[in-house]
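Chemist: Protein chains in written order, with our numbering: chain A, 1 to 348; chain B, 1001 to 1348; chain C, 2001 to 2348; chain D, 3001 to 3348.
None of these hints come from the bench; they were simulated from the model.
Because the structure is a prediction, the values reported are computed rather than measured.
Treat the hints loosely; a few may be bogus.
Label pairs and their in silico Cβ distance ranges [said to hold, decoys possible]: (1) Gly-3023(D) to Asn-2207(C): 57 to 67 Å; (2) Gly-1039(B) to Ala-3114(D): 25 to 35 Å; (3) Thr-3119(D) to Ala-263(A): 34 to 44 Å; (4) Lys-2036(C) to Pro-1025(B): 52 to 62 Å.
Partner residues aside, some chain C positions facing chain A, computed with beta carbon under 8 Å [unchecked claim]: (5) Gln-2117; (6) Ser-2191; (7) Asn-2241.
Heads up, the beta-carbon is just placed ideally off N, CA and C, and yes, glycines get one too.
Protein chains: 4
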Amino acid sequence: MQRVGLVGVTGYTGMELIRLLLGHPKLRLTQVTSRKESGRTLQQIYPFLQGTKLAELVIVVPDAASLALDCDVVFLAVPHGTAMEIAAELLAKGVRVIDLSADFRLHNQETYEAWYQVTHSQPALLSQAVYGLPELYAKEIASADLVANPGCYPTSAILALYPALHYGLVLADDLVIDSKSGTTGAGRKASVGTLFCEVSDNFRAYNLGKHRHTPEIEQELSLSAGRDITLSFSTHLLPMNRGILTTAYAKIAPGIDPLEIRAHYEAFYADKKWVRVLPEGILSETRWVRGTNFCDLGLVVDPRTNRLIVVSAIDNLCRGASGQAVANANLMLGMGEETGLPFAALMP
Amino acid sequence: MQRVGLVGVTGYTGMELIRLLLGHPKLRLTQVTSRKESGRTLQQIYPFLQGTKLAELVIVVPDAASLALDCDVVFLAVPHGTAMEIAAELLAKGVRVIDLSADFRLHNQETYEAWYQVTHSQPALLSQAVYGLPELYAKEIASADLVANPGCYPTSAILALYPALHYGLVLADDLVIDSKSGTTGAGRKASVGTLFCEVSDNFRAYNLGKHRHTPEIEQELSLSAGRDITLSFSTHLLPMNRGILTTAYAKIAPGIDPLEIRAHYEAFYADKKWVRVLPEGILSETRWVRGTNFCDLGLVVDPRTNRLIVVSAIDNLCRGASGQAVANANLMLGMGEETGLPFAALMP
Amino acid sequence: MQRVGLVGVTGYTGMELIRLLLGHPKLRLTQVTSRKESGRTLQQIYPFLQGTKLAELVIVVPDAASLALDCDVVFLAVPHGTAMEIAAELLAKGVRVIDLSADFRLHNQETYEAWYQVTHSQPALLSQAVYGLPELYAKEIASADLVANPGCYPTSAILALYPALHYGLVLADDLVIDSKSGTTGAGRKASVGTLFCEVSDNFRAYNLGKHRHTPEIEQELSLSAGRDITLSFSTHLLPMNRGILTTAYAKIAPGIDPLEIRAHYEAFYADKKWVRVLPEGILSETRWVRGTNFCDLGLVVDPRTNRLIVVSAIDNLCRGASGQAVANANLMLGMGEETGLPFAALMP
Amino acid sequence: MQRVGLVGVTGYTGMELIRLLLGHPKLRLTQVTSRKESGRTLQQIYPFLQGTKLAELVIVVPDAASLALDCDVVFLAVPHGTAMEIAAELLAKGVRVIDLSADFRLHNQETYEAWYQVTHSQPALLSQAVYGLPELYAKEIASADLVANPGCYPTSAILALYPALHYGLVLADDLVIDSKSGTTGAGRKASVGTLFCEVSDNFRAYNLGKHRHTPEIEQELSLSAGRDITLSFSTHLLPMNRGILTTAYAKIAPGIDPLEIRAHYEAFYADKKWVRVLPEGILSETRWVRGTNFCDLGLVVDPRTNRLIVVSAIDNLCRGASGQAVANANLMLGMGEETGLPFAALMP
């Protein structure tokens, strides 16, 4: 058993990590931290953990030295800005870190500071961090000390368009990414805007043109295309807990045979078991990936408009956060990427 | 009081018409028809009508002669294909018709037959029908005998982009319309795909590249732009009853000052009380129009991508169907367009 | 037009009052107050009011003297404890008051203080206040200066059992009232417990054995039965916005013919248009009363257990709060009780 | 690996069995049947199974001889009436059966026929069948050839009240059981009444006084109390997929110290890991058991009314059907009851 720690247990990604670690055969959660809840057991703050093997684990105040003693890898499930400080302390003590915040996702410090309106206190670590998308960087993740776990929206968007840009199937200068997310993506902080009665029976767009996940998507898709990409990325709030569906639009490049596009996607993801290219005529649904690490891709080639439309679905808490973090831990610790991760969606 | 009839009372648009007519000061519902439910009273099939003035109205089998005796205007809330036959009979008897189906929305018979896979039995009526979008055709509607009530998606999409194309603010050859609809849009027929447990806690795309509302949107936006438009129109199913949110993307035309776009929209809709151009920074939400005839437009000019994004929200059953039908009846019968239509959204 | 004021505009009952007043032909909203939002217009805090006649009304700091100048009746939509102070000030200035809080619902000061854990600062007003349930106290309401608008749960529970106890159809010492409420009942204050992701896809009981609406129900049903009643009242939280469904259980009294029970209910509510005794075999549904002032009663006489079960449905925001408040204002101002109140449920 | 078969794969309980078997280390699904879908693979009817080990399993027409060759135990997930025939055939061929329908739950043939309005064709098997509630009958289940898997509502109700009646803590003649269920309980058959738009944003009671699960609850609680019990059992439909919450009311028996009730419950369930008696002050929530086999019991002793109120929560598809069936299979095949069953709820 390898030992892992969790810094920040009170949010939805912390909760999801606990769910996944409860079923993991080779990772043992040895420390959980929260300033606010320190001294209480997990089952005291989460009654649904009564009767499980983690029920009596006592929450402690985060302390790098103590985490270093107890953990081989530490997950950071705290807000950006806070994460960079803790990450630096842990790395200095030789602990490997998987950061679920945005602090180390962008390679460019200026881009980070411009979009997040925060000064980065650990710029030296930016080049050291590996972007934790296993389909693209499995080898680098395996040997990394610091993994920047991807954002939820970017996971769905990058996997949707990466092969198309990589193979030059579509034009890189006319991308529209229209994403819709369940409300767990908004976090677990008390606020009027995310009250049940403000979200239920409603659908709305938000942060159009300025969502902070935009540069992360552009960074990876630019790497894919081999050129700088600027794209439209729009976010919407769904009246449901989990799930992101991204509908991505791209113009098919001149000279590309539309009938070959599917084969390219299937080839690109042939040995990636978490990405499922759905059969012709089948489009992704968020429920099909609920509670899993899958990213489902439905492909539509539209001859009328000469567009490729990719419909990508993930569970934002699992594949978009904690499940991907566990996959990264698996890779870092030399286990099979899929160890302990559920394959069966909770349906319906 | 003017007398109106309703052919097809068992679907959601029929139900919504009854709701609106219950509050209408100048329209009296004199006949409702359903082959399946004939002989029963409205409150027998809809217990929520007990205690209202329409509770005891007896449902009859549809009969053009009888409708002609009792009604000044008849609403058709029956499937496409069926509607064209009844419309022709009613018009022949001198009754004015508002058809909520798709049968008379497309001016071009071939386009209709290609997208709907039905032979049009009344092609002569196509040129006589007026497209019932009051913001565009109020005058023609007032004198029409046959009004083709617009589709729900097209209402949201056309109002979103009409001014931009009309004034040449955006390029006409690169439009992406990403729409999301509540499930009432799928009708009230028993089917596994629209069971509660198949829709709840789920979000999915459907009919990408081939939704039948596409040619209707293209027809009206082509008229707006003065040239033929082909566009991407995508539809998604929301786990909620009412509401459509459309996110429309267009490249800003060369030479256009992005700062003038809002002013053009405000000018175009200045005297249209049902279209609300929301203030800078405010984006549409489906709940804000729930139960009303409003179409809310949130405008985002994105300088990074040089795109105009319009977020358009309607209640698909009210503005997207029965409320618009009542507005059309108001116009046809010489009343104020807004007579009897609710201004206050049911919030939350 | 009569002039009304609203103290407390930022909660769900304030929002609902605005919806109802927008459609009211004889009440004009002349003042709205909120300490926090003063200086802003209604449409600035509620964008869905753009384009309505109340859009530009400016919110002010509550001031009894100013309210007295502008209003014939004032609605208080503020928390208990706060309401009693403002009510006293307004009454002292000759303004009639409808208090939507709990401050004046209980006739007995000690009971109030025991359940609400607050000292009542205006005990002299308790005897002056009329309990604003129109079916029981229409005459007293008409001449009242201070109306205590009933709680949402009590409205559903009292109307469900009043006739049974009044006519001695059931035993008074064995009542179980199991209620389920939509989440608007929990108010519009930021809190983790009522976040969307904590309420959605979940159902739970709360406050069993100690809900503050218990003494209010016991007070009115004791009056009905002519003896002191102690009963079990349980509350549950539904993952939906509006609606209360109460399932009330009572043992049929010896000597009562079960077949006569329905007739007694129909007689009791014969001239009460907001209470609908549903036909045999039809049970109440919350959607059937959505947005209306109806209280629907479904009656089940169970010969196996010798129990009467009454299923009562209301819209907690309309009939359970603001709609009932408008009905009370109508009565106080000498209009028909139903003036301006919607009869048509928003279905579905 | 033990081999299991599934007769009836197209409903929600079949779907849930597949989810659970995908994660089970010792049960291998060797045959799935459906008359309607025979010839197709599991992933063809359930695209969410793509990429799992069961994806390519081909559905066949049910045939007892073939099932007997391939399976040690067969799960029947078909409607009552149908199940009794298949069960008899399988038993005759020496296959052990877990029947998820109601056909063998009631020991008394007349009671079955009266409530289900069906003639029982296999009355001889009724006495052979074991009621598959592991907390009560683990030993009998282990050696049974025919297990009658309990109904969902009865599972929640029996576990809620069994200890109270067993120890004589409450009166047996005054029980009220008010249950609320997610909509998966209504099955996966196309019908207008369970369409999304008929269930969403709504709450209603149904089948009051005549739900078929009543005699099943009465049978087991009568055994617990040692006397015949007649009780009120009411069912309601929740706008969510999974979960049952049962609120059970009982009068505390004379001479019982209310403070001892909790201890009795804790003792009764001390070695039953799937039943969690929640701490004082904590009430059950359906989400806390989502996807698991837990039954959570929240206890409230109300001194005002001298009542014990038990709030019981299960996942109706897992603990109330397929999870319980797997636990029964585990017992029958000599494995630990909990083998392969998830302990971690999908939260939120």
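Chemist: Among all the numbered hints in the text so far, which are the ones the structure does not match?
Modeler: Structure breaks hints 1, 3, 4 and 5.
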